[in-house]
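**Q** Spelled out, the chains give:
Protein chains: 2
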Amino acid sequence: MEAKKARMDSKGKVTVIGSGLIGRCWSVMFAKAGYSVCMYDVHEHQLSGAMEATAKTLVQFEEQGLLSDCHIHDATSASKMITTSSNMQEAMEGAIYLQECAPENLDLKKNIFTELDKYATDYIVLASSTSCIGPSKFTLDLVHKAQCIVSHPVNPPYHLKLVEVIPSPETRADVAERTVAIMKDIGQSPVLVRKEVNGFALNRLQYAVLMEAWRLVEDGVLTPEDIDTVFKDGLAPRWSLIGPFETIHLNAPKGVNDYCERYGANIENVCQEQCNVRTFGGATGDAIHQAICATVPVDQLPARCVWRDEQLGALSAHRREQATKEEVKKDGA
Amino acid sequence: MEAKKARMDSKGKVTVIGSGLIGRCWSVMFAKAGYSVCMYDVHEHQLSGAMEATAKTLVQFEEQGLLSDCHIHDATSASKMITTSSNMQEAMEGAIYLQECAPENLDLKKNIFTELDKYATDYIVLASSTSCIGPSKFTLDLVHKAQCIVSHPVNPPYHLKLVEVIPSPETRADVAERTVAIMKDIGQSPVLVRKEVNGFALNRLQYAVLMEAWRLVEDGVLTPEDIDTVFKDGLAPRWSLIGPFETIHLNAPKGVNDYCERYGANIENVCQEQCNVRTFGGATGDAIHQAICATVPVDQLPARCVWRDEQLGALSAHRREQATKEEVKKDGA
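Residue numbers (the numbering used here), protein chains in the order written: chain A, 2 to 334; chain B, 2 to 334.
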């Protein structure tokens, strides 16, 4: 009776394929936003553990006040939105959206999407969480290829809202639009990656940074610790508020065009110097590894990840508070 | 009598050359940290305005609680640490450190440093605030070349603590050490840039990002607004806490070395694709300019800078609070 009531209040059914870490995250995010979730796993015995874990996360969120601005405000009701199945056809029945969360392996993705294709309606969106495999690599042979897309979250997705949405050249426009709309509805921050490029957008930008950081260390300009300081106390707080384009817009009296006129030629010179790709590994890799291990040894990585997520949660709460203050100011003006 | 008392309590005298925006910032930072400051300007009439501005900033800081963890806790006492002079010899007399804040023009820097050289003792540190001119370009002909260095702050320096310290090949090691020590003492976060490279460290990293962001827009992959979203809701909050190297350390079970083994080859592939430098300007520049102007028109840039600084101040306060909580936790453990 309770379960039936939950389904009746649902905004729609979402299938989550895979009950590992990412599958659990997505299940929690869909459930608290008011979607009924069926979490599927080929390993039936993992599903009860996954149910316990999602319920526990939702209780923590309620205690931390993180459910207050969600569609469902209490952990018990949100948990009731989640069911499980080890039968794929059953898991997909009546679903409007599917989020695949299997390990990052091309053959595995191909096999899973071939199976999903069998049970897919003409309406369901088939989204993969992959961070690195372009959708055209595992969807173009399918009957429902036009309904396939990538929705790549950032870790941890509760506190880092970005989702990269990447259609293949065969994805229907309305499928991309519906994916973006659902991501917004569950409180995430989607960007549409309009062409399928290696690394998508986030990793391409991250890799550009890592490569230049690597060069600076390899060439003896900065220590690895100092690289992180340049971001923590310099570049990143500003970018977390306004991004790199608005940053340069505010750094010249007449905006972006003015900035390019003043500094463009030298930026191009520096970027020419950056056209040399270093090998990720070897002595420089060891030096960076050892330097970071001095403060975070490998055996303390899990604890440090918990700390990072707590800090990101606190930062996220701070950002919400500031946004609310802004709203109040606007309403008062 | 009051002025004499202030000087007696001083940690040492600092000369600030130039009473524009950056000179005023530095004067405030040195004064609240307990240094007596003599602000010099060739334009004597600008100095009274600069004194009013620094006094006003200090009052604002006191009201916002930003002086509470400084060496001097009240605005009135801090303001008394600042004097002015339009006589360079007088301004430099007895100073342990000098911070030059003239406009970014190589000939101007050369002229100023030639003059500073005349009045320099064998002890004073002669630091330039330049963001883009390497110290060897304007100091190598001087008698006191071994005492010359660059200390490049980030805007706004009150809330973004990073200072890049760049010695020339002729700078004495103890001069670099004393510069780093003074920057730490005034509450900033210095990194030593061990080789004089074009763009120093912060801008080299910023330019690598801008160039890839530019390519993604030019190639129709992302809109300019979406680029900023990737940073605001994805990359930057994480980097503001742990930097890019610790980020990858936490993103593989066994740390940096493990990350490089898993992802290094693909990172190198993506970075090969990034070895093409685009022109900063033209149609792409206009498109980015127009896109950012849709939310921040050029005539609203000054107001948006005020907003940015307020938000950075709030973020900085949040970070201090979190750091204090961490300290309390540690002490309790």
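Where hints are given, some of them may not hold.
A pair holds if it fits inside one copy or across any two, identical chains being indistinguishable in the list.
Here are the simulated DMTMM-like pairs of lysine to aspartate or glutamate, each with C-alpha atoms no more than 25 Å apart in a straight line [as the list claims (entries may be wrong)]:
(1) K110 - D259
(2) K196 - E105
(3) K110 - E269
(4) K57 - E197
(5) K326 - E64
(6) K326 - E63
(7) K81 - D220
(8) K57 - E274
(9) K330 - E94
(10) K326 - E311
Read the hints as simulated data drawn from the structure, not as lab findings.
Keep in mind that this is a model prediction, so the values were computed, not measured.
**Q** A separate judgement is required for each hint: does it hold in the structure or not?
**A** Status of each hint after checking the structure:
1. K110 - D259: Only across copies: K110 and D259 sit 23 Å apart there, 47 Å inside one copy, limit 25 Å.
2. K196 - E105: within (20 Å within a copy, 40 Å between copies)
3. K110 - E269: Only across copies: K110 and E269 sit 24 Å apart there, 40 Å inside one copy, limit 25 Å.
4. K57 - E197: neither (37 Å within a copy, 53 Å between copies)
5. K326 - E64: both (23 Å within a copy, 19 Å between copies)
6. K326 - E63: Classified as both; 22 Å inside a copy, 22 Å across copies.
7. K81 - D220: neither (56 Å within a copy, 45 Å between copies)
8. K57 - E274: neither (50 Å within a copy, 44 Å between copies)
9. K330 - E94: neither (47 Å within a copy, 49 Å between copies)
10. K326 - E311: both (23 Å within a copy, 12 Å between copies)
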